[in-house]
Amino acid sequence: DQQVKQNSPSLSVQEGRISILNCDYTNSMFDYFLWYKKYPAEGPTFLISISSIKDKNEDGRFTVFLNKSAKHLSLHIVPSQPGDSAVYFCAAKGAGGTSYGKLTFGQGTILTVHP
Amino acid sequence: DTAVSQTPKYLVTQMGNDKSIKCEQNLGHDTMYWYKQDSKKFLKIMFSYNNKELIINETVPNRFSPKSPDKAHLNLHINSLELGDSAVYFCASSHRRGANTGELFFGEGSRLTVL
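From first to last, the protein sequence lines stand for chains Z and C. Per the working numbering, residue 1 is the first one in the first sequence, and the count goes up by one each step. Per the working numbering, residue 1001 is the first one in the second sequence, and the count goes up by one each step.
These aren't lab readings, by the way, just hints derived from the structure by calculation. Where hints are given, some of them may not hold.
Only pairs whose alpha carbons sit at most 27 angstroms apart, straight line, appear in this in silico DSSO-like list of lysine-lysine [what the hints assert, rightly or not]:
hint : chain 1 : residue 1 : chain 2 : residue 2
1    : C       : Lys1009   : Z       : Lys102
2    : Z       : Lys71     : C       : Lys1044
3    : Z       : Lys102    : C       : Lys1041
4    : Z       : Lys54     : Z       : Lys37
5    : C       : Lys1041   : Z       : Lys68
6    : Z       : Lys56     : C       : Lys1052
7    : Z       : Lys71     : C       : Lys1041
8    : C       : Lys1022   : C       : Lys1036
9    : C       : Lys1040   : C       : Lys1019
10   : Z       : Lys68     : C       : Lys1052
11   : C       : Lys1052   : C       : Lys1040
12   : C       : Lys1036   : C       : Lys1009
13   : Z       : Lys5      : C       : Lys1022
14   : C       : Lys1040   : Z       : Lys102
15   : Z       : Lys68     : Z       : Lys54
16   : Z       : Lys71     : C       : Lys1022
17   : Z       : Lys5      : C       : Lys1040
18   : Z       : Lys71     : Z       : Lys56
Here are a few chain Z residues that sit away from chain C, every Cβ distance over 10 angstroms (derived from the structure) [said to hold, decoys possible]:
hint : residue
19   : Glu15
20   : Arg17
21   : Pro44
22   : Ile53
23   : Phe62
24   : Asn67
25   : Lys71
26   : Lys102
A short list of chain Z residues far from chain C (calculated; beta carbon distances all over 12 angstroms) [said to hold, decoys possible]:
hint : residue
27   : Gln14
28   : Ile18
29   : Asp24
30   : Ala41
31   : Ile48
32   : Lys68
33   : Ala70
34   : Ser74
35   : Pro82
36   : His114
For clarity, every value in this text was computed on a predicted model and none was experimentally measured. For glycine and all other residues, C-beta sits at the position ideal for the given N, C-alpha and C.
Isolated chain Z, as found in the complex (with noise of 0.2 angstroms):
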């Protein structure tokens, strides 16, 4: 069972334009959630986080968003440039101390910006 989903696999965009990217999870006891990008042979790097207390977090180009209701966090590129092309994973970090560091990643989307 998995408990961070991404369930589109590719999203393609026009340079310029906003790009949005999707996440579901089905486990109440996370307490921060996480974007990550990850280019070809390289390693995922952090991008922008949230806390589960928010429901919005901005940086620069980069918003996410937080819906506890419906489990769902989403993550907003305006405006979206070709650098953005990469693999977007989600990630939700487990509440209490058995989790300390411990994520749940999502299987990643495939983000191209087209020039």
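Dock chain C against the given chain Z, drawing on the hints supplied.
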């Protein structure tokens, strides 16, 4: 200066062999992790060490044995390799606050292929 470095990056070996993957971080973090990315692209935690102490040990076959000689190193030894062990293994590290928020720093990954 790579922050989290893993060796080797590629490893091809026969079933039944024993192999090790090494990881080093120069970020001064006190927590290190091993994650496995399987064929379905999910990243799943295997182990976590804090100051050389094992704190997370997921349901992983005991053929996998992590070892942390000091807090800057976390090695992964795999005995009696099986076909299903083929995957990309990512090492990661975090400072204490990052472990609480889920912000991890990943290495580039080590692709293991078992023939």
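Here is how each hint holds up against the structure:
1. For the given pair, lysine 1009(C) sits about 24 angstroms from lysine 102(Z) by alpha-carbon distance, which is consistent with the 27 angstroms threshold.
2. Restraint check: the Cα-Cα separation between lysine 71(Z) and lysine 1044(C) comes to about 21 angstroms, which is no more than 27 angstroms; the hinted pair holds.
3. A threshold of 27 angstroms between alpha carbons decides the hint, and for lysine 102(Z) with lysine 1041(C) the separation of about 17 angstroms falls inside it, so the pair holds.
4. Under the criterion of a C-alpha separation no larger than 27 angstroms, the hint pairing lysine 54(Z) with lysine 37(Z) is consistent with the structure, at around 22 angstroms.
5. At most 27 angstroms may separate the alpha-carbon atoms for a hinted pair to count; lysine 1041(C) and lysine 68(Z) meet this at roughly 26 angstroms.
6. About 36 angstroms separates the Cα atoms of lysine 56(Z) and lysine 1052(C), which puts this hinted pair outside 27 angstroms; it is violated.
7. Simply put, lysine 71(Z) and lysine 1041(C) have alpha-carbon atoms about 22 angstroms apart, close enough for the 27 angstroms limit, and the pair holds.
8. At roughly 14 angstroms between alpha-carbon atoms, lysine 1022(C) and lysine 1036(C) fall within 27 angstroms of each other, so this suggested pair holds.
9. Pair hint lysine 1040(C) plus lysine 1019(C) holds up; C-alpha atoms about 23 angstroms apart against a cutoff of 27 angstroms.
10. Between lysine 68(Z) and lysine 1052(C), the direct Cα distance comes to roughly 36 angstroms. Violation of the 27 angstroms bound is thereby established for this hinted pair.
11. This hinted pair does not check out: lysine 1052(C) and lysine 1040(C) have alpha carbons roughly 31 angstroms apart, beyond 27 angstroms.
12. Taking the CA atoms of lysine 1036(C) and lysine 1009(C), the gap is near 14 angstroms; set against the 27 angstroms cutoff, the hint holds.
13. For the hint pairing lysine 5(Z) with lysine 1022(C), the CA-to-CA distance comes to about 30 angstroms; that exceeds 27 angstroms, so the pair is violated.
14. Between lysine 1040(C) and lysine 102(Z) the alpha-carbon distance is near 19 angstroms, which keeps this suggested pair within the 27 angstroms criterion.
15. Between lysine 68(Z) and lysine 54(Z) the CA atoms are separated by roughly 9 angstroms; this keeps the pair inside 27 angstroms, and the hint holds.
16. At roughly 37 angstroms between alpha-carbon atoms, lysine 71(Z) and lysine 1022(C) are farther apart than 27 angstroms, so this suggested pair is violated.
17. Proposed proximity of lysine 5(Z) and lysine 1040(C) is supported: the alpha carbons are some 12 angstroms apart, at most 27 angstroms.
18. A hinted pair counts as satisfied when its Cα atoms are at most 27 angstroms apart, and lysine 71(Z) with lysine 56(Z) qualifies at roughly 14 angstroms.
19. No Cβ of chain C comes within 10 angstroms of the Cβ of glutamate 15(Z); the nearest lies about 26 angstroms off, and the non-interface call holds.
20. Every CB of chain C is more than 10 angstroms from the CB of arginine 17(Z) (nearest about 26 angstroms), matching its label as outside the interface.
21. Remark: the non-interface label on proline 44(Z) conflicts with the geometry, its nearest Cβ contact in chain C lying 5 angstroms away (cut-off 10 angstroms).
22. With 10 angstroms as the threshold on Cβ separation, the claim that isoleucine 53(Z) sits away from chain C holds: the shortest Cβ distance comes to roughly 12 angstroms.
23. Non-interface call for phenylalanine 62(Z) relative to chain C: holds, since the shortest CB-CB distance, roughly 14 angstroms, exceeds 10 angstroms.
24. Remark: the non-interface label on asparagine 67(Z) is consistent with the geometry, its nearest Cβ contact in chain C lying 19 angstroms away (cut-off 10 angstroms).
25. Against the 10 angstroms criterion, lysine 71(Z) stays outside the reach of chain C, whose nearest CB is about 17 angstroms from its own CB.
26. A cut-off of 10 angstroms between C-beta atoms contradicts the statement that lysine 102(Z) is not in contact with chain C; the least separation is 5 angstroms.
27. Every CB of chain C is more than 12 angstroms from the CB of glutamine 14(Z) (nearest about 26 angstroms), matching its label as outside the interface.
28. Distance check on isoleucine 18(Z): its Cβ is at least 25 angstroms (rounded) from any Cβ of chain C, clearing the 12 angstroms threshold; non-interface status holds.
29. Look at aspartate 24(Z): its CB is around 15 angstroms from the nearest CB on chain C, clear of 12 angstroms, so calling it non-interface holds up.
30. A beta-carbon of chain C comes within 12 angstroms of the beta-carbon of alanine 41(Z); the shortest separation is about 7 angstroms.
31. Under the 12 angstroms C-beta cut-off, the non-interface status given to isoleucine 48(Z) relative to chain C is violated; the minimum distance is some 10 angstroms.
32. Against chain C, the non-interface label of lysine 68(Z) holds: every CB pair exceeds 12 angstroms, the least being about 17 angstroms.
33. Non-interface call for alanine 70(Z) relative to chain C: holds, since the shortest CB-CB distance, roughly 21 angstroms, exceeds 12 angstroms.
34. The non-interface label for serine 74(Z) is consistent with chain C: the shortest C-beta to C-beta separation is roughly 17 angstroms, beyond 12 angstroms.
35. Taking the minimum C-beta to C-beta distance to chain C, about 22 angstroms, the non-interface status of proline 82(Z) holds against the 12 angstroms cut.
36. Distance check for histidine 114(Z) against chain C: the nearest CB is about 23 angstroms away, which clears 12 angstroms, and the non-interface claim stands.
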